[in-house]
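J.: Sequence:
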Amino acid sequence: MRFRIYKRKVLILTLVVAACGFVLWSSNGRQRKNEAFSPPLLDAEPARGAGARAGDHPAVSVGIRRGSNESAAPLVAVHNRPEYLKLLLDSLRKAQGIDNVFINQLIAGVDFCPVLQVFFPFSIQLYPNEFPGTDPRDCPRDVEKNAALQMGCINAEYPDSFGHYREAKFSQTKHHWWWKLHFVWERVKVLRDYAGLILFLEEDHYLAPDFYHVFKKMWQLKQQECPECDVLSLGTYTAIRSFYGVADKVDVKTWKSTEHNMGLALTRDAYQKLIECTDTFCTYDDYNWDWTLQYLTVSCLPKFWKVLVPQVPRIFHAGDCGMHHQKTCRPSTQSAQIESLLNNNKQYLFPETLTISEKFMAALSPPRKNGGWGDIRDHELCKSYRRLQ
252 MRFRIYKRKV LILTLVVAAC GFVLWSSNGR QRKNEAFSPP LLDAEPARGA GARAGDHPAV
312 SVGIRRGSNE SAAPLVAVHN RPEYLKLLLD SLRKAQGIDN VFINQLIAGV DFCPVLQVFF
372 PFSIQLYPNE FPGTDPRDCP RDVEKNAALQ MGCINAEYPD SFGHYREAKF SQTKHHWWWK
432 LHFVWERVKV LRDYAGLILF LEEDHYLAPD FYHVFKKMWQ LKQQECPECD VLSLGTYTAI
492 RSFYGVADKV DVKTWKSTEH NMGLALTRDA YQKLIECTDT FCTYDDYNWD WTLQYLTVSC
552 LPKFWKVLVP QVPRIFHAGD CGMHHQKTCR PSTQSAQIES LLNNNKQYLF PETLTISEKF
612 MAALSPPRKN GGWGDIRDHE LCKSYRRLQ
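Taking our numbering, the leading residue of the sequence shown gets 252, the next gets one more, and so forth.
Treat the hints with caution; some may be incorrect.
[Stated by the list, open to error] Computed cross-link-like contacts, PhoX-like style, restricted to lysine-lysine with a CA-CA straight-line distance of at most 25 Å: (1) Lys467 with Lys500; (2) Lys620 with Lys634; (3) Lys440 with Lys467; (4) Lys610 with Lys500; (5) Lys620 with Lys554; (6) Lys610 with Lys468; (7) Lys440 with Lys507; (8) Lys524 with Lys610; (9) Lys620 with Lys557; (10) Lys420 with Lys634; (11) Lys500 with Lys468; (12) Lys524 with Lys420; (13) Lys610 with Lys507; (14) Lys557 with Lys610; (15) Lys467 with Lys610; (16) Lys500 with Lys557; (17) Lys467 with Lys507; (18) Lys524 with Lys440; (19) Lys500 with Lys597; (20) Lys634 with Lys554; (21) Lys507 with Lys554; (22) Lys524 with Lys557; (23) Lys468 with Lys507; (24) Lys634 with Lys440; (25) Lys507 with Lys524; (26) Lys597 with Lys468; (27) Lys597 with Lys467; (28) Lys507 with Lys620; (29) Lys554 with Lys610; (30) Lys467 with Lys524; (31) Lys554 with Lys524; (32) Lys557 with Lys467; (33) Lys557 with Lys468.
[As the list claims (entries may be wrong)] Ranges of calculated distance between the beta carbons of each label pair, as one might list FRET restraints: (34) Asn380 with Phe611: 48 to 56 Å; (35) Phe601 with Ala490: 17 to 25 Å; (36) Gly403 with Ala614: 18 to 26 Å; (37) Ala446 with Lys610: 20 to 28 Å; (38) Arg388 with Ser635: 16 to 24 Å; (39) Ser635 with Lys610: 33 to 41 Å; (40) Ser635 with Ile491: 41 to 49 Å.
It is worth saying that the hints were derived from the structure and are not from the lab.
Backbone N, C-alpha and C fix where the C-beta goes; we use that ideal spot for every residue, glycine too.
Using the sequences plus the hints, can you model the full thing?
T.: The structure is reproduced here in structure tokens:
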């Protein structure tokens, strides 16, 4: 789904690399009638809900209250697959306690909570023919450096570690993640004094009905029994058929980008340590934000990350197509499989308590870089987000 604003009479395509913020109320908080705060840094008004006309506020619509430090502020990354975003929103709609949550909307389709919608200002949709999009003068991906120098293409000096030149559609994912990390902590004034968690979600994630229930208990467990845990994750990619005997168990492990990048939750303290590694993050030759984070945990951060993660995932990856996959997207099939798993185990959801079952900390070696991030323009733009705050 696309929509337009005019830049200077401005062209923008939404739901393409939009960082969508949403702020959780405290679990017992209720919105008083007509009480909402527009974020001071955004020209926005409270969202009207499903009955609003799409053209009323095309760029941003907001309804926000200050969140409790005992709650969380989830942040949804939305790219160009609205069919998966709809699945994520459907799973959120079914989650218990969701009426106490602020969440972005699929344009104007969410009718169960107010919203805050934020747009990534450096999207390749805004710069289709210039950096950070694809400049016609850029070097072709597979041209050799000597040939590129003879051609005179503008980034000839900066291939990646494997001799390839940048592809904007891949480069922008890392830009987007680092920018939204800064934006949500530094530019959303309602979160300026917030000491809780930011929960990172993506459009092709699917959440269990008890995700918020478990998430709150994990946060309490971290504070009481694992203060040294740096981050939380709502689950891994490990397949599980029965939740019996493990639905109330969580583990403490060494954070791995290939296992714990879904439903990643960060505190302000974790964020502040990350931004001290801005130069390393922005120059490491890997276009994947999560693999780059893995590198930071063994190179720049004071210590490797400890993650608190449930043995039964409360988050599922519904999108086995897209940037890293060549499969045909079948969101309805994937959601049906997830819903079947949850229905077959519904008696084990909403555990009364959580216990730490295992603490397994293993030393990690630096990951193998994937390239795609050799262009000095990407490095400098990435570093600039910290100055923009």
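J.: A separate judgement is required for each hint: does it hold in the structure or not?
T.: Results for each hint:
no., hint, verdict
1, Lys467 with Lys500, "holds, 14 Å"
2, Lys620 with Lys634, "holds, 19 Å"
3, Lys440 with Lys467, "holds, 23 Å"
4, Lys610 with Lys500, "holds, 12 Å"
5, Lys620 with Lys554, "holds, 20 Å"
6, Lys610 with Lys468, "holds, 18 Å"
7, Lys440 with Lys507, "violated, 32 Å"
8, Lys524 with Lys610, "holds, 23 Å"
9, Lys620 with Lys557, "holds, 22 Å"
10, Lys420 with Lys634, "holds, 19 Å"
11, Lys500 with Lys468, "holds, 11 Å"
12, Lys524 with Lys420, "violated, 28 Å"
13, Lys610 with Lys507, "holds, 14 Å"
14, Lys557 with Lys610, "holds, 10 Å"
15, Lys467 with Lys610, "holds, 20 Å"
16, Lys500 with Lys557, "holds, 16 Å"
17, Lys467 with Lys507, "holds, 22 Å"
18, Lys524 with Lys440, "holds, 20 Å"
19, Lys500 with Lys597, "holds, 16 Å"
20, Lys634 with Lys554, "holds, 22 Å"
21, Lys507 with Lys554, "holds, 13 Å"
22, Lys524 with Lys557, "holds, 14 Å"
23, Lys468 with Lys507, "holds, 22 Å"
24, Lys634 with Lys440, "holds, 22 Å"
25, Lys507 with Lys524, "holds, 18 Å"
26, Lys597 with Lys468, "holds, 18 Å"
27, Lys597 with Lys467, "holds, 19 Å"
28, Lys507 with Lys620, "holds, 14 Å"
29, Lys554 with Lys610, "holds, 16 Å"
30, Lys467 with Lys524, "holds, 23 Å"
31, Lys554 with Lys524, "holds, 10 Å"
32, Lys557 with Lys467, "holds, 18 Å"
33, Lys557 with Lys468, "holds, 17 Å"
34, Asn380 with Phe611: 48 to 56 Å, "holds, 50 Å"
35, Phe601 with Ala490: 17 to 25 Å, "holds, 22 Å"
36, Gly403 with Ala614: 18 to 26 Å, "violated, 47 Å"
37, Ala446 with Lys610: 20 to 28 Å, "holds, 25 Å"
38, Arg388 with Ser635: 16 to 24 Å, "holds, 21 Å"
39, Ser635 with Lys610: 33 to 41 Å, "holds, 40 Å"
40, Ser635 with Ile491: 41 to 49 Å, "holds, 42 Å"
When held up to the earlier numbered hints, the structure conflicts with 7, 12 and 36 and fits the remainder.
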